[in-house]
Amino acid sequence: GENVEQHPSTLSVQEGDSAVIKCTYSDSASNYFPWYKQELGKRPQLIIDIRSNVGEKKDQRIAVTLNKTAKHFSLHITETQPEDSAVYFCAARMVSGGTSYGKLTFGQGTILTVHP
Amino acid sequence: DAGITQSPRHKVTETGTPVTLRCHQTENHRYMYWYRQDPGHGLRLIHYSYGVKDTDKGEVSDGYSVSRSKTEDFLLTLESATSSQTSVYFCAIRGTDTQYFGPGTRLTVL
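As you go down the protein sequences, you meet chains C and B in turn. Quick note, the first sequence lines up with residues 131 to 246 if you use this note's numbering. Quick note, the second sequence lines up with residues 46 to 155 if you use this note's numbering.
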């Protein structure tokens, strides 16, 4: 099955700095890669996603890059703010036998702390 | 929040008792999922459903069963709860590509 490794497990930055979180996946057939943000006590919420036919996607201060050859993808947050502090999860959609049923395999999560 | 609710939101139970968690959606989505979230493990798939009465196992299905008799409801049952099943349980539905999560159920097994 798919395996997703996420690094770092914790990340501490100063307000205004950039933050980068990286994930690697094992199944070259994976074709969809979402990123979720989870605040304390809340549900995971999608912040950005990318499909395998695209190399980069941006949404204001957030961007995701995908390198299919190396099987890794990264989340980039620029001009970080204290409200960006949360746990971030990457995921990869598994494909097996020609279908995925939409199943996702998640990374272990990164605790991002932005200091004012 | 994508029209997903979970009940109960919190539950404390004792080892050996059966427990059923409910996920309800108002979006008429075909695919539904149950995950558990534990520190250091991210979100792990327990079971999923791809239609009424169509379900399959995820990566951590031992000790759990599911049922889906209606499109809108997906039930997760712990037949005989154990302390290792203390966790936060999230239900999710799938849109075009994205999964949207319910608010979660915090389950404590004493």
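Do not take every clue at face value.
Keeping only pairs whose Cα atoms sit at most 20 Å apart, straight-line, the calculated EDC-like set for lysine to aspartate or glutamate is [said to hold, decoys possible]:
{"id": "1", "chain 1": "B", "residue 1": "K102", "chain 2": "C", "residue 2": "E213"}
{"id": "2", "chain 1": "C", "residue 1": "K172", "chain 2": "C", "residue 2": "E132"}
{"id": "3", "chain 1": "C", "residue 1": "K167", "chain 2": "B", "residue 2": "D142"}
{"id": "4", "chain 1": "C", "residue 1": "K198", "chain 2": "B", "residue 2": "D142"}
{"id": "5", "chain 1": "C", "residue 1": "K187", "chain 2": "B", "residue 2": "D118"}
Covered by chain B, according to a simulated footprint, are these stretches of chain C (three or more residues, beta-carbon under 8 Å) [unchecked claim]:
{"id": "6", "segment": "173-179"}
{"id": "7", "segment": "234-240"}
Rather than coming from a laboratory, the hints here were simulated on the basis of the structure. Backbone N, C-alpha and C define an ideal beta-carbon position, used for all residues, glycine too.
Going down the list of hints, with the structure as the test:
{"no.": "1", "hint": "B:K102 to C:E213", "in the structure": "37 Å, violated"}
{"no.": "2", "hint": "C:K172 to C:E132", "in the structure": "26 Å, violated"}
{"no.": "3", "hint": "C:K167 to B:D142", "in the structure": "17 Å, holds"}
{"no.": "4", "hint": "C:K198 to B:D142", "in the structure": "19 Å, holds"}
{"no.": "5", "hint": "C:K187 to B:D118", "in the structure": "35 Å, violated"}
{"no.": "6", "hint": "173-179", "in the structure": "holds (count 5)"}
{"no.": "7", "hint": "234-240", "in the structure": "holds (count 6)"}
In summary, the numbered hints that this structure violates are 1, 2, 5.
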